[in-house]
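**Student:** So the protein lines, in turn, are chains A, B, C and D. All residue numbers for the first sequence refer to the numbering used here, where the first residue is 1 and numbers rise by one. All residue numbers for the second sequence refer to the numbering used here, where the first residue is 1 and numbers rise by one. All residue numbers for the third sequence refer to the numbering used here, where the first residue is 1 and numbers rise by one. All residue numbers for the fourth sequence refer to the numbering used here, where the first residue is 1 and numbers rise by one.
Since the hints were derived computationally from the structure, they do not count as laboratory data. Among the hints, a few may not be true.
The list makes no distinction among identical chains, and a pair is therefore deemed to hold if it is satisfied within one copy or across any two copies.
Using 20 angstroms as the maximum straight-line C-alpha spacing, the simulated SDA-like pairs for lysine to any residue come out as follows [stated by the list, open to error]:
{"#": "1", "residue 1": "K333", "residue 2": "N376"}
{"#": "2", "residue 1": "K332", "residue 2": "R377"}
{"#": "3", "residue 1": "K333", "residue 2": "E430"}
{"#": "4", "residue 1": "K82", "residue 2": "K332"}
{"#": "5", "residue 1": "K190", "residue 2": "I343"}
{"#": "6", "residue 1": "K436", "residue 2": "I468"}
{"#": "7", "residue 1": "K381", "residue 2": "T365"}
{"#": "8", "residue 1": "K304", "residue 2": "F340"}
{"#": "9", "residue 1": "K379", "residue 2": "T365"}
{"#": "10", "residue 1": "K82", "residue 2": "Y154"}
{"#": "11", "residue 1": "K190", "residue 2": "Y313"}
{"#": "12", "residue 1": "K333", "residue 2": "Q232"}
{"#": "13", "residue 1": "K304", "residue 2": "E230"}
{"#": "14", "residue 1": "K278", "residue 2": "N261"}
{"#": "15", "residue 1": "K332", "residue 2": "I374"}
{"#": "16", "residue 1": "K332", "residue 2": "K379"}
{"#": "17", "residue 1": "K333", "residue 2": "R377"}
{"#": "18", "residue 1": "K304", "residue 2": "R237"}
{"#": "19", "residue 1": "K82", "residue 2": "T152"}
{"#": "20", "residue 1": "K333", "residue 2": "G394"}
Protein chains: 4
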Amino acid sequence: MVILQLSLPTPVNPQTNGAITGLTSTCQKRLSKFHSTLPPRLLITNSHESQYPFSLFHPANEGVAAIVFGDGSESRLYPLTKRRSAGAIPIAANYRLVDAVVSNCINSNINKIYALTQCNSASLNSHLSKAYSGLGLGKEGLVEVIAAYQSTEYEGWFQGAADAVRRCLWVMEEYPVSEFLILPGHHLYKMDYQKIIEAHRNSKADITIAALGASRDQDPGFGFLTVNSENQVLEFRLKSESKPISFVSEETSRKCNDIANCYSSMGIYLINKDTIVKLLREHFPKANDFASEVIPGAISIGMKVQGFIFNEYWEDMRSIEAFYQTNMESTKKANMAFNFFDIESPMYTLPRCLPSTLITDAVITDSVIGGGCILNRCKIKGTVVGMRAKIREGAVIEDSVIMGSDVYQMEDIQCGMNKNGIDIPIGIGEDTQIRKAIVDKNARIGRNVLIINKDNVQEGNNEANGFIISGGIVVVLRSAVVPDGTIV
Amino acid sequence: MVILQLSLPTPVNPQTNGAITGLTSTCQKRLSKFHSTLPPRLLITNSHESQYPFSLFHPANEGVAAIVFGDGSESRLYPLTKRRSAGAIPIAANYRLVDAVVSNCINSNINKIYALTQCNSASLNSHLSKAYSGLGLGKEGLVEVIAAYQSTEYEGWFQGAADAVRRCLWVMEEYPVSEFLILPGHHLYKMDYQKIIEAHRNSKADITIAALGASRDQDPGFGFLTVNSENQVLEFRLKSESKPISFVSEETSRKCNDIANCYSSMGIYLINKDTIVKLLREHFPKANDFASEVIPGAISIGMKVQGFIFNEYWEDMRSIEAFYQTNMESTKKANMAFNFFDIESPMYTLPRCLPSTLITDAVITDSVIGGGCILNRCKIKGTVVGMRAKIREGAVIEDSVIMGSDVYQMEDIQCGMNKNGIDIPIGIGEDTQIRKAIVDKNARIGRNVLIINKDNVQEGNNEANGFIISGGIVVVLRSAVVPDGTIV
Amino acid sequence: MVILQLSLPTPVNPQTNGAITGLTSTCQKRLSKFHSTLPPRLLITNSHESQYPFSLFHPANEGVAAIVFGDGSESRLYPLTKRRSAGAIPIAANYRLVDAVVSNCINSNINKIYALTQCNSASLNSHLSKAYSGLGLGKEGLVEVIAAYQSTEYEGWFQGAADAVRRCLWVMEEYPVSEFLILPGHHLYKMDYQKIIEAHRNSKADITIAALGASRDQDPGFGFLTVNSENQVLEFRLKSESKPISFVSEETSRKCNDIANCYSSMGIYLINKDTIVKLLREHFPKANDFASEVIPGAISIGMKVQGFIFNEYWEDMRSIEAFYQTNMESTKKANMAFNFFDIESPMYTLPRCLPSTLITDAVITDSVIGGGCILNRCKIKGTVVGMRAKIREGAVIEDSVIMGSDVYQMEDIQCGMNKNGIDIPIGIGEDTQIRKAIVDKNARIGRNVLIINKDNVQEGNNEANGFIISGGIVVVLRSAVVPDGTIV
Amino acid sequence: MVILQLSLPTPVNPQTNGAITGLTSTCQKRLSKFHSTLPPRLLITNSHESQYPFSLFHPANEGVAAIVFGDGSESRLYPLTKRRSAGAIPIAANYRLVDAVVSNCINSNINKIYALTQCNSASLNSHLSKAYSGLGLGKEGLVEVIAAYQSTEYEGWFQGAADAVRRCLWVMEEYPVSEFLILPGHHLYKMDYQKIIEAHRNSKADITIAALGASRDQDPGFGFLTVNSENQVLEFRLKSESKPISFVSEETSRKCNDIANCYSSMGIYLINKDTIVKLLREHFPKANDFASEVIPGAISIGMKVQGFIFNEYWEDMRSIEAFYQTNMESTKKANMAFNFFDIESPMYTLPRCLPSTLITDAVITDSVIGGGCILNRCKIKGTVVGMRAKIREGAVIEDSVIMGSDVYQMEDIQCGMNKNGIDIPIGIGEDTQIRKAIVDKNARIGRNVLIINKDNVQEGNNEANGFIISGGIVVVLRSAVVPDGTIV
């Protein structure tokens with residue numbers, strides 16, 4: 001399975017193939033030249049016909065289209081990614097992970113977003129097609145999903161992020177953009193992309209890479225960069241324990257020893273349209289990955305690559321534990337690292353029509369509660385309770401993530417038989433106790449169950465029985481059935 | 001102010017004016033004859049052009065269009081109706097009152113609804129235009145709002161429900177319906193209208209009136225009816241203390257003494273299209289009201305009027321107290337009279353994109369909690385907490401309805417100055433206690449406020465200070481500002 | 001019938017009533033002060049709750065909300081306005097008149113529009129609620145329709161445009177706008193409102209009035225203004241043949257004799273929110289009209305009123321003839337005064353799902369053809385053919401406007417009986433000739449009809465037979481039935 | 001490239017693997033048992049969360065979900081399928097091919113449609129996600145697109161239609177359906193699927209196959225069937241010239257010689273949900289295709305397979321010529337085989353907001369004209385002119401399909417340089433003549449071009465120069481540039 005993670009550390013293919021500059025690319029050049037001198041509003045849709053045949057660009061971000069990758073961290077977030085892309089994982093009760101990046105785009109006035117998806121993409125595609133509706137300009141939609149597809153020219157899957165962009169360029173390049181903003185879709189952070197756009201244009205860069213201070217935790221897959229005082233990238237390398245790969249620009253050969261100027265890439269690239277067309281079609285037509293191939297290649301051929309340093313909250317969910325911690329933080333108002341209530345840069349997601357949450361005789365502390373829950377005489381503490389969760393009498397939930405349900409059940413249609421032939425309905429059963437666990441959607445937890453990681457296991461796979469343990473956190477699988485009296 | 005309540009007890013005007021049967025009505029007759037013998041799907045939209053030029057009828061309810069009145073009980077629900085129609089009052093946190101009737105239509109497969117509005121209609125019109133979107137067939141929408149309007153022929157407001165229907169007939173009659181279902185929009189109940197349609201058609205009635213057992217509490221404005229064993233209405237009268245008006249059909253002169261066969265009208269009429277056209281245009285062209293004029297008139301000229309007896313939950317919100325009690329019942333799972341979680345006949349409303357509710361160190365019992373609330377270290381019991389409600393540290397809320405807010409505030413933009421020049425933000429302030437009260441939307445309750453009806457007042461108007469008392473319940477007005485330390 | 005035409009020449013009521021500055025208006029002032037110094041994105045919705053609880057403003061037009069009046073020219077465009085507001089009249093086949101002004105707003109990045117309607121508003125309200133969907137930010141919608149409504153405070157209709165704004169202020173003022181842009185909804189022109197906003201802010205005006213060179217044809221109802229070299233309005237007067245009313249600012253007493261500096265108002269006002277609140281509530285609480293009362297009043301109390309001169313195409317449709325001419329121009333590519341194909345400032349309307357137009361053996365020259373027409377063996381020249389028009393064999397149409405139909409008919413359901421008992425279907429019958437006529441929607445023109453104004457009548461009313469003649473143009477009424485062989 | 005054509009003639013794999021009947025399938029059985037006895041409305045959504053958490057089924061088609069395949073005939077319709085699936089090909093100006101099948105579903109009251117796509121799916125996915133919006137019940141949408149995706153279990157593409165259904169079953173089976181209706185998405189016909197559903201249920205069949213009289217032209221890939229007098233399928237075989245494969249049920253061994261009872265399959269299967277689960281998971285877990293593997297396999301193990309004979313218009317577009325002929329027929333009212341104007345079973349597609357078509361001094365006969373065209377002084381005869389087509393002065397178009405453009409161009413941004421350095425804009429150039437050709441979207445045809453198949457070539461590939469010839473029809477490729485003076 002090829003994950004479009006923008007980070008495969010494969011060798012560079014700095015091939016320069018012959019001129020494909022035919023009519024199309026000439027046309028594009030002329031278009032973009034035209035574009036830079038004319039008023040913002042342009043004319044064009046592409047093969048993806050829309051209801052309104054026109055599109056508006058707003059001055060601030062005129063001409064920037066975002067390319068969001070739905071995949072990433074798939075294996076590291078297993079089993080949450082068993083049936084869904086990383087971007088589709090529910091977070092903080094009402095959201096899915098990808099909502100963070102799409103909301104950043106909306107709040108940055110970027111209204112053309114392409115989402116490229118491939119792995120377990122069914123629920124992510126469905127979410128992206130329906131959410132944010134009415135937020136774009138025209139029904140053409142804010143988000144255009146391009147699922148991996150076969151064609152006569154390419155019969156294979158996308159072979160990496162750069163390959164995916166290359167194969168979808170024909171769709172995206174008809175749109176009169178001046179730059180593409182490439183974004184991993186499974187990171188949680190708030191960034192006003194208008195700032196990186198401004199910095200990019202001011203520096204007349206070919207590529208600008210958003211980067212974090214290297215001292216912070218980081219996703220090593222995106223590589224490291226050293227910049228000079230003008231934030232120009234002097235060196236870009238992928239960290240590799242045994243044998244660090246290092247791509248040094250002509251200008252310098254300094255090592256990334258100078259910690260003050262060394263940053264880790266966030267996998268976010270702002271690239272001029274002309275540049276990306278040339279890089280992917282002419283210079284590196286076989287490169288599959290940005291971090292290991294296209295970016296170092298661009299430096300090596302003398303392109304101007306800038307760094308854009310970002311010092312705020314950023315979380316890449318690179319493990320079950322990181323995902324768990326992020327949810328835990330959302331329940332604590334005091335030190336909320338990522339503010340889901342922020343009115344200046346709100347989070348958008350699928351609007352829903354759910355009943356109010358009904359709480360009968362429960363004690364709830366430090367928790368986030370989604371819509372449409374039914375919480376009966378239970379105790380809930382430090383927990384994220386997702387939509388339509390049903391928690392029954394006597395249950396005690398602490399420091400956990402209960403993802404809730406996609407479904408309301410009529411009690412008569414209870415499904416899932418335990419040993420004694422008694423049905424177990426969706427939700428958390430009577431007198432069950434759960435501590436430090438993640439319960440995925442539609443799980444059916446019986447009565448008197450204890451999910452407390454009794455033996456303090458750190459890592460364990462018991463998928464056959466419906467759960468695994470990762471970093472000491474019990475993860476109950478989607479739609480799992482946990483019989484009455486089970487003790488974990 | 002003329003309220004379209006279907007119930008004004010004015011004298012009948014059984015005028016039969018001359019034949020207006022011209023081309024149009026001939027055409028209508030032919031259409032409806034055609035209609036009864038042909039397959040369900042017909043062709044027509046009316047002057048309200050829709051995106052899709054076609055409409056589908058489903059067999060069960062083929063040819064029935066609903067006419068919902070947004071007004072009613074306005075004065076009796078004051079001050080909740082100060083700025084809104086009765087139908088727009090928020091209920092059970094996530095809903096508005098009119099959602100109940102519209103959801104009944106949706107669940108009865110009626111997909112053409114006209115909403116006739118006049119009083120304080122701004123927010124109701126807005127809600128009806130946006131909610132339920134995507135639920136209808138075609139963007140023409142489930143609900144077509146017809147606000148009162150002036151024309152060259154009629155310069156006045158709608159003079160009552162019958163007048164409103166008469167004046168909008170030209171819009172509604174182009175649609176190929178066979179019957180209209182007239183519905184007050186401010187009642188709370190669940191009814192499968194397919195049953196009344198079936199009964200109506202089986203009995204070949206001209207009009208069928210839904211009615212409750214007379215022993216129940218009822219809205220006297222809709223009148224009373226006595227039926228025979230075939231449920232034919234023998235007598236229809238408006239209760240009037242001093243001088244009961246009684247309309248007796250030719251067939252009988254029995255009084256409504258026989259309590260077993262005497263019912264109170266729910267103000268719900270299923271009327272054949274031909275019948276309503278004739279009644280409003282020919283027989284009673286000056287009648288303004290159904291209960292006092294059109295219905296008794298129809299009986300008096302020998303039309304077949306049937307009763308349809310309804311024995312389930314029905315609440316007409318005819319007082320602040322009734323509204324309060326209905327909310328209180330929604331917080332108690334055991335004896336929930338109206339099930340907002342019913343999956344077989346769900347409630348529909350405006351889909352929303354709200355953050356999850358954040359509960360930090362709160363104790364919540366027997367309450368209904370809307371989306372996007374922030375509840376900090378407070379105690380909430382037996383309370384309906386509406387969307388975006390912010391309840392601050394130390395607050396204690398019991399047996400109340402907190403309607404929440406339309407708005408998120410940045411704390412810096414606090415508005416509303418109290419005597420000491422300290423801003424009071426939207427929400428409930430620190431250490432405030434509220435018991436048996438209704439707090440309307442966007443109210444700003446300060447710190448250390450006591451809203452407990454200390455002096456046990458039953459009725460009182462203190463609108464200048466932002467509240468009234470009705471039936472012993474304190475009602476804080478929309479956007480009211482209650483200074484720190486206030487005691488009510 | 002009170003038409004919200006912004007132009008009733010009634011006397012001024014320069015009453016200054018006492019301070020209503022209570023909590024609310026204090027709050028508003030603070031809000032708008034805050035607003036001017038803070039980043040664009042604010043927080044607030046108003047009582048009209050929306051799906052997404054946040055709204056975005058774009059820098060260019062930050063804080064401007066438009067107020068569009070749907071009424072105007074009603075009597076002058078009769079009978080096209082018999083059942084609809086002027087704004088709802090179909091124009092150039094696919095559009096309604098109000099689309100021009102709303103499209104100007106969209107193309108000027110104004111995404112909050114209030115439409116105030118009262119006269120014959122049913123179809124206009126319906127159009128405004130459905131069209132442009134998905135073009136706004138959030139389902140709150142681009143356009144918020146506020147139909148005239150009754151309340152406990154005001155039982156009457158809107159008494160004029162100023163009264164309408166005053167009564168809806170409570171809805172509109174919660175929104176964090178800095179200026180309101182007041183727009184008549186029945187004019188045809190293209191204006192980038194961002195330019196008037198810029199001029200207004202640069203001049204620090206209280207009010208800016210858009211105006212045309214006085215030598216042009218103009219709607220006299222909006223008044224005339226004289227400006228100095230800085231475009232400040234020195235004098236504003238309503239032209240009144242007998243006795244010119246003249247409001248002279250303190251600064252000057254020059255007459256509007258200096259033709260070079262004398263302009264006619266377009267009825268477009270950009271007014272600061274604080275200013276409008278004060279004018280309508282404090283200074284002139286009984287003024288009903290802008291042109292005759294509020295604007296001259298504002299000048300008289302020393303407010304800074306600027307002119308914004310507009311020199312491009314503008315048509316106010318002040319007669320059937322003007323409406324007819326405008327349609328005729330849309331069929332001529334060479335001298336198209338108003339370009340409906342303009343890709344830089346496109347026209348938006350209700351997206352539709354219509355079949356392609358089917359043309360069998362027809363000769364069509366210099367015509368505009370809407371969607372879903374069926375044109376069989378006919379000759380069409382210099383004609384606007386609206387949606388779903390059906391023109392039958394042998395028909396000859398010249399220099400006319402055929403508005404088409406809202407409806408497809410099954411041929412079996414033909415309606416409308418002629419003398420010989422033969423049904424006349426919607427559309428234009430066989431061998432019928434039409435020249436210089438307007439045929440309103442859903443008309444049923446029989447066979448061998450001649451609509452050619454045979455006797456060259458200039459003005460005539462034959463409404464009983466389904467047509468009138470105005471300025472030599474025959475206007476066939478909506479849904480009229482014209483029997484076979486009729487000659488007009 | 002694997003095309004999901006339901007027709008690959010590969011050998012059967014009648015493997016019966018062991019019982020996978022675990023919890024899930026038990027649950028399903030119970031659900032469907034429940035389903036058969038309960039009222040229509042059920043409760044459930046699946047992993048594809050929707051805005052409204054409930055779904056309605058209508059009695060007639062209760063419990064039927066459609067599965068539409070977007071791919072098919074890809075190679076046979078090349079080059080129209082170079083960048084798009086067969087289902088996405090424009091037809092009759094305003095539609096795409098897949099609209100026919102989706103409209104059949106809508107008109108048959110089937111409101112849950114899964115579209116499985118894989119080949120060149122970008123534009124088809126985009127169309128399916130946007131079109132028909134507001135036609136479903138709830139924003140969950142009428143159509144749920146499931147693009148081919150990678151997962152940890154399956155890394156490959158869908159290997160055929162049966163494999164695609166198997167891999168998406170986990171998504172589709174949570175929905176409480178009783179039968180799946182499997183539909184090729186690239187056929188043009190009108191069928192009321194309610195009739196096949198009724199026949200299927202009456203005969204208590206496991207599978208019902210829609211079939212055409214064998215004497216008609218047919219797609220041989222779907223196979224042939226012989227039925228008895230009760231329409232039970234006695235024999236099913238794939239036609240294979242050399243060696244006919246024949247699957248004979250136990251009941252009989254008659255050959256399909258009896259022409260009267262021999263029919264050709266339309267590739268439409270109505271299959272009980274339990275049946276399909278068992279067939280794909282238990283009996284034939286490795287079968288990739290329905291026609292060659294699953295259907296004959298089902299017969300061989302004794303399942304009850306019925307035929308449903310369909311005698312109306314059906315066109316499978318199995319060649320460029322067939323596609324061309326279908327378009328030609330749409331221009332002839334007299335013998336229109338497929339009525340795009342049918343008001344009883346209308347065609348639905350993406351609603352659009354296009355300008356009216358402007359025709360200046362043109363002569364148009366027997367043609368279908370899409371929205372937003374500009375036709376200047378040209379002659380058009382027997383031609384389908386697609387949306388936004390621009391045909392310039394002096395052009396003569398006969399018996400052709402001009403697909404139009406996705407785009408409006410500003411004349412200044414003309415693109416595509418011919419030899420002389422003169423730009424060629426999108427559309428048909430001055431004095432160009434086109435006869436019996438298909439011009440795909442966004443093509444740029446210069447001046448004085450002759451596309452008349454001068455040499456009467458039957459088959460030819462000149463893709464480098466922007467066209468091919470198939471069956472004597474010239475097909476100009478999407479976005480091709482044809483220089484001035486070119487003669488084909």
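**Student:** State for each hint whether it applies.
**Tutor:** Going down the list of hints, with the structure as the test:
1. K333 / N376: between (25 angstroms within a copy, 9 angstroms between copies)
2. K332 / R377: So K332 and R377 pass the 20 angstroms test across copies only (12 angstroms; inside, 23 angstroms).
3. K333 / E430: between (29 angstroms within a copy, 16 angstroms between copies)
4. K82 / K332: Classified as neither: same-chain Cα gap 29 angstroms, cross-chain 39 angstroms, threshold 20 angstroms.
5. K190 / I343: For K190 and I343, only the intra-copy Cα distance (12 angstroms) is at most 20 angstroms; the inter-copy one is 35 angstroms.
6. K436 / I468: For K436 and I468, the Cα distance is within 20 angstroms only inside one copy (13 angstroms; across copies 48 angstroms).
7. K381 / T365: both (5 angstroms within a copy, 14 angstroms between copies)
8. K304 / F340: Neither: 36 angstroms inside a chain and 44 angstroms across chains, both beyond 20 angstroms.
9. K379 / T365: Classified as both: same-chain Cα gap 8 angstroms, cross-chain 11 angstroms, threshold 20 angstroms.
10. K82 / Y154: between (27 angstroms within a copy, 12 angstroms between copies)
11. K190 / Y313: within (7 angstroms within a copy, 46 angstroms between copies)
12. K333 / Q232: Answer is neither: 38 angstroms inside a copy and 53 angstroms across each miss the 20 angstroms cutoff.
13. K304 / E230: within (12 angstroms within a copy, 48 angstroms between copies)
14. K278 / N261: neither (29 angstroms within a copy, 57 angstroms between copies)
15. K332 / I374: Answer is between: at 11 angstroms across copies they meet the 20 angstroms cutoff, but 22 angstroms inside does not.
16. K332 / K379: both (17 angstroms within a copy, 18 angstroms between copies)
17. K333 / R377: between (24 angstroms within a copy, 11 angstroms between copies)
18. K304 / R237: within (16 angstroms within a copy, 62 angstroms between copies)
19. K82 / T152: For K82 and T152, the Cα distance is within 20 angstroms only across copies (7 angstroms; inside one copy 30 angstroms).
20. K333 / G394: Answer is between: at 16 angstroms across copies they meet the 20 angstroms cutoff, but 27 angstroms inside does not.
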